[in-house]
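*Asks:* So the chains spell out like this:
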Amino acid sequence: MIATIARHQILSLRRQRTFIGLLATLLVMTALAGVLGWSSHRTIVGVYDESVKLLAAQGLPAPENPFRLKPTLSLLSNMVVYIPLIGALLAVVLGHVSLADDETDGVGRLVFSRQVTRTSYVIGKIVGAASVLLAILVFSLTVSALSLLIVNRAAPTVAELGRLATFYGLSWLYLMVFALIGMATVLVTRRRSLALLSAMGAWLVITFAVPQVTSGLRPTQSLNPITDPVSTSQAFFRATSKARPFSVVEQYKQISGHVLQTSTDGGNSIGGLLSIAGLAALLAIATVILVQRHDYSTGTSSD
Amino acid sequence: MQTMDTDRFAAQRTTTAAIEMVGLNHTYDVEPVLRGVDLTIERGEIFGFLGHNGAGKTTAVNILTTLITPTSGTARVQGFDVVTQRHEVTSQIGYLPAEVRMYPHMTARENLEFFAKLSGVVDARSAALETLDYLECSDLADRRVGSFSTGMRQRVGIAQAIIHKPSVLFLDEPTSGLDPVGVRQLRDTILRLNSDLGMTVFMNTHLLSEVAKVCTTIGVLNHGELIYKDTIEATTARFPDETSLEDIYVRMEAIPS
Chain Z
1 MIATIARHQI LSLRRQRTFI GLLATLLVMT ALAGVLGWSS HRTIVGVYDE
51 SVKLLAAQGL PAPENPFRLK PTLSLLSNMV VYIPLIGALL AVVLGHVSLA
101 DDETDGVGRL VFSRQVTRTS YVIGKIVGAA SVLLAILVFS LTVSALSLLI
151 VNRAAPTVAE LGRLATFYGL SWLYLMVFAL IGMATVLVTR RRSLALLSAM
201 GAWLVITFAV PQVTSGLRPT QSLNPITDPV STSQAFFRAT SKARPFSVVE
251 QYKQISGHVL QTSTDGGNSI GGLLSIAGLA ALLAIATVIL VQRHDYSTGT
301 SSD
Chain L
1 MQTMDTDRFA AQRTTTAAIE MVGLNHTYDV EPVLRGVDLT IERGEIFGFL
51 GHNGAGKTTA VNILTTLITP TSGTARVQGF DVVTQRHEVT SQIGYLPAEV
101 RMYPHMTARE NLEFFAKLSG VVDARSAALE TLDYLECSDL ADRRVGSFST
151 GMRQRVGIAQ AIIHKPSVLF LDEPTSGLDP VGVRQLRDTI LRLNSDLGMT
201 VFMNTHLLSE VAKVCTTIGV LNHGELIYKD TIEATTARFP DETSLEDIYV
251 RMEAIPS
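Taken in order, these protein sequences are the chains called Z and L. Numbered by the numbering used here, the letters in the first sequence go through residues 1 to 303 in order. Numbered by the numbering used here, the letters in the second sequence go through residues 1 to 257 in order.
Keep in mind that a hint or two might mislead.
Claimed, not checked - Sample of chain Z residues facing chain L (criterion: CB under 10 Å; computed from the structure):
1. 15
2. 16
3. 50
4. 51
5. 115
6. 117
7. 119
8. 292
Calculated directly from the structure, the hints in this document are not laboratory data. Ideal Cβ positions, reconstructed from N, Cα and C, are used throughout, including at glycine.
Input sequences plus hints: build the corresponding full structure.
*Replies:* In structure tokens form, the structure reads like this:
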């Protein structure tokens, strides 16, 4: 039964226009990430080469090009931004449509008047959403690997592919948080439009508001790989640093930066991973409980 | 073990009424909607459940289709308890709610295949096509449900309700939004399902003219209480002065509960 519901979920997404539009945007941005990374790298190296020529003309020695030592995967650093923005939005829509159709006009009544338990129903829905996100990210991984191949004119090494797979694995877990938020909001609101609005609100808070009271208070930290000594000496900053584990977007960016080697500050990767996984597990349990308690004898408004 | 269970279920199916409610009560918040309803519907009957808006008809159907749990009392469908034997009950019933729409971006066939699989039908594709053919609407198979008129949706809705050949069919206000041609088609379909497949039909409706033409038995619910239940023939015999079922119904509704 779980497989039937998951398969139906996957099939029905083929014709959800909003979802398809966001998916296309994410895939285009994934392809562009490599090109943009390569373009900025090429500009910097070009400036360095010009400087070397200028110094040589003046008979001065030129320093070693620091950018040549940059890891290959750092070309994909933009993906660390695209996933929390476009990817998370896509996941919210995916989670929303997974349950909203069954709410609207009471299709859920037809489902639950059959031999379907609420547990197998909600697990089927979660498995369906997880499978779709996995397929999208496997495709994104392929696009990223191809763009590295084209930009560098050399195939990524096994180690690089491993890091890339780890990054997309982490992204899958991160996006599941938003898919589950999209599902849960359908179950706690009576109107479809309000459910989507609530999920978008949660996305805005997690992506933009929470970082403002954590890393947003130390705007130079993202540029400086060394932890700001002032921040650890002041009570206010010490207090806000305690809030950091609750900012899953920061945890995601920090671990991703470490995995893609765009940042030397890995922070507490295990702790970060656990906070993302913990939130996903918490939301999954909440969604299962909400479906058990939900009244499927009536339909909600479709407006 | 499974054979024994099957035998036990088969025995229950052949010895009990199609639908049985005993002292059924249901309360939303503090408002009682059903008040001690006792009702038995025999196999093969076409039962018309009448009552004003808010009388509790849909609540009764929601309980019988296992969508909600009654506050107290018992309800059985084909001998199975709707609370403790939910799985067995859902294997026996088909349900068409009022204003059904299904998945609008999927075709009629895709919708039917999904609901057939949920009911454990092995060859869901064949079942979907056969059911559409039975209801004489095969032309709708590959069209998206979102583009359907009310009448078309209703026919596909009936198809999803009977695709697994249930013993009992629940129809909640099936005529709402239908034009006269649609109402006539629905009436013919109900009579065919009853005669061809022996389905017991439980129908909530306001359309008294259809009740008189289709139903074998009627029940009247007034503010959550069952105030009347008898066959159509007995009803018209009991109220000889009234010219139509509508007059009888108005007279019953006027009786204080």
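*Asks:* All hints, please: hold or fail.
*Replies:* Here is what the structure says about each hint:
For residue 15 of chain Z, the shortest C-beta to C-beta distance to chain L is roughly 4 Å, which falls under 10 Å, so the interface hint holds. At about 7 Å, the closest approach between the beta carbon of residue 16 of chain Z and any beta carbon in chain L falls short of 10 Å, and the interface hint on this residue holds. Because the smallest distance between the Cβ of residue 50 of chain Z and any Cβ of chain L comes to about 56 Å, over 10 Å, the interface hint for this residue is violated. The restraint placing residue 51 of chain Z at the interface with chain L is violated, with a minimum CB-CB distance near 58 Å, outside the 10 Å limit.
Here the hint on residue 115 of chain Z is kept, as its CB sits about 5 Å from the closest CB of chain L, short of 10 Å. Residue-level restraint check for residue 117 of chain Z holds (minimum Cβ-Cβ distance to chain L is 8 Å; threshold 10 Å). For residue 119 of chain Z, the interface hint is violated, the least distance from its beta-carbon to any beta-carbon of chain L being 13 Å, above 10 Å. Because the beta carbon of residue 292 of chain Z sits about 12 Å from the nearest beta carbon in chain L, more than 10 Å, this interface hint is broken.
When the structure is compared with the earlier hints, violations turn up for hints 3, 4, 7 and 8 and for no others.
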